[in-house]
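S.K.: Line by line, the protein sequences give chains A and B.
With the first letter of the first sequence counted as 1, position 60 gets the number 60 in UniProt numbering; the numbers rise by one all the way through.
With the first letter of the second sequence counted as 1, position 168 gets the number 168 in UniProt numbering; the numbers rise by one all the way through.
Check each hint, because a few of them may be wrong.
As the list claims (entries may be wrong) - Covered, in the sense of this in silico footprint (three residues per stretch, anywhere, with C-beta under 8 Å from a C-beta of chain A), are these stretches of chain B: (1) 47-56; (2) 155-161; (3) 177-190.
Calculated directly from the structure, the hints in this document are not laboratory data.
Beta carbons: idealized from backbone N, C-alpha and C, even for Gly.
There are 2 protein chains.
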Amino acid sequence: MSDTTTQSTPRPPGRPRSARADESIIDAVLDFLAEGTTVEALSMEAVASRAGVGKATVYRRWPHKEALLLDALSTLKQPLQVPPGLSVRSDLVILMEQSWDARDSRAGRIMPCLIPELQRNGPLRTQFIALIDARRDVVRDVLRRGIVTGELRSDIDVELALILLSGPMFLTLIGNAPNVEPDGLAERVVDAVLRGIAT
Amino acid sequence: MSDTTTQSTPRPPGRPRSARADESIIDAVLDFLAEGTTVEALSMEAVASRAGVGKATVYRRWPHKEALLLDALSTLKQPLQVPPGLSVRSDLVILMEQSWDARDSRAGRIMPCLIPELQRNGPLRTQFIALIDARRDVVRDVLRRGIVTGELRSDIDVELALILLSGPMFLTLIGNAPNVEPDGLAERVVDAVLRGIAT
Numbered sequence: 001m002s003d004t005t006t007q008s009t010p011r012p013p014g015r016p017r018s019a020r021a022d023e024s025i026i027d028a029v030l031d032f033l034a035e036g037t038t039v040e041a042l043s044m045e046a047v048a049s050r051a052g053v054g055k056a057t058v059y060r061r062w063p064h065k066e067a068l069l070l071d072a073l074s075t076l077k078q079p080l081q082v083p084p085g086l087s088v089r090s091d092l093v094i095l096m097e098q099s100w101d102a103r104d105s106r107a108g109r110i111m112p113c114l115i116p117e118l119q120r121n122g123p124l125r126t127q128f129i130a131l132i133d134a135r136r137d138v139v140r141d142v143l144r145r146g147i148v149t150g151e152l153r154s155d156i157d158v159e160l161a162l163i164l165l166s167g168p169m170f171l172t173l174i175g176n177a178p179n180v181e182p183d184g185l186a187e188r189v190v191d192a193v194l195r196g197i198a199t
Numbered sequence: 001m002s003d004t005t006t007q008s009t010p011r012p013p014g015r016p017r018s019a020r021a022d023e024s025i026i027d028a029v030l031d032f033l034a035e036g037t038t039v040e041a042l043s044m045e046a047v048a049s050r051a052g053v054g055k056a057t058v059y060r061r062w063p064h065k066e067a068l069l070l071d072a073l074s075t076l077k078q079p080l081q082v083p084p085g086l087s088v089r090s091d092l093v094i095l096m097e098q099s100w101d102a103r104d105s106r107a108g109r110i111m112p113c114l115i116p117e118l119q120r121n122g123p124l125r126t127q128f129i130a131l132i133d134a135r136r137d138v139v140r141d142v143l144r145r146g147i148v149t150g151e152l153r154s155d156i157d158v159e160l161a162l163i164l165l166s167g168p169m170f171l172t173l174i175g176n177a178p179n180v181e182p183d184g185l186a187e188r189v190v191d192a193v194l195r196g197i198a199t
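Let's have the full structure, built from the sequences with the hints guiding it.
M.R.: Here it is in structure tokens:
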């Protein structure tokens with residue numbers, strides 16, 4: 001889509017042209033990353049071209065690639081929905097399923113390598129980790145509530161419990177656990193982490 | 001180091017020049033990967049140049065990049081040492097520490113993105129997963145022994161238990177768990193996975 005095409009499209013009510021351009025630009029970034037373009041290789045020019053807008057449109061909104069990347073990644077890392085609070089087990093299953101259900105999406109293809117890739121980019125890496133951390137706050141709250149209600153042991157390390165839950169799902173997501181059945185994984189992981197494997 | 005330099009270096013006893021060239025070539029591949037060069041971007045020419053050998057030397061030994069990559073990755077994924085077999089807990093701690101201790105190495109910088117990166121390369125991906133799986137066999141044996149001795153519950157899924165152990169360590173390794181203390185992590189993960197977090 002070229003700038004001209006964009007301008008000749010009738011404007012949908014309530015969505016100004018600039019918002020639509022922003023969306024196309026963000027979409028173009030996510031498409032490139034999902035296809036395997038590295039953060040380093042991604043260029044503002046290629047993004048503009050794929051979004052069907054002029055380079056100036058991109059730079060007017062995002063002065064540099066880091067700002068654009070962070071906004072694009074934010075759209076994939078919305079805060080998790082707060083679960084209903086019936087039991088710690090059912091809340092954790094609901095939360096783990098929320099992220100697991102995204103595995104076939106663009107997010108599932110983009111996320112795996114992103115943090116290692118950002119290792120050479122300090123500020124962007126810090127901001128991206130802050131995005132992930134905001135999602136984890138919802139899980140932290142459920143774990144802390146479980147300690148208060150006595151469903152969880154009082155001596156657990158909440159930060160360790162978080163990665164006990166998400167680590168196995170992440171390994172499966174990136175294809176590192178070919179012998180693990182992916183269907184219903186969220187529930188099996190939650191039960192295994194809650195009960196442990198020892199007698 | 002150029003071909004000439006290599007040839008003029010006195011040959012150490014028992015290590016023929018071709019073996020030394022092979023090592024330099026493998027080393028060059030691992031250096032590139034550790035620096036963030038993607039599998040796709042890696043070129044046989046650049047490898048030859050960095051190893052200080054001619055292109056023909058590389059191609060004589062490895063007819064294509066995939067063969068060279070697989071040999072290079074094999075050197076990072078040696079089978080784990082079989083632990084002494086005192087208790088399942090102590091064996092698992094020893095095994096998890098073996099991989100954890102490699103975190104500051106070139107392997108730690110190369111591994112995180114590799115499987116997602118290989119997604120577009122079917123045969124190489126399958127062979128690389130086989131390398132990882134051979135290492136996991138040592139852990140599987142310990143888990144199965146634990147079921148027989150009664151240290152582990154008889155209804156556990158060994159494949160799931162494997163990733164319950166390695167998942168949290170992997171997330172920490174790639175920088176995805178900034179609030180988790182990395183010192184002594186192997187032991188804390190093993191204990192949490194054995195005992196579970198529920199009351």
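S.K.: All hints are to be evaluated individually against the structure, with a verdict given for each.
M.R.: Going down the list of hints, with the structure as the test:
With a threshold of 8 Å between beta carbons, the proposed coverage of the segment 47-56 of chain B by chain A is violated, since 0 of its residues qualify and at least three are required. Counting residues of the segment 155-161 of chain B whose beta-carbon sits less than 8 Å from any beta-carbon of chain A gives 5, enough to reach three: the coverage restraint holds. Counting residues of the segment 177-190 of chain B whose CB lies closer than 8 Å to any CB of chain A gives 6, which reaches the minimum of 3, so the coverage claim holds.
Of the hints listed earlier, the one the structure fails to meet is number 1.
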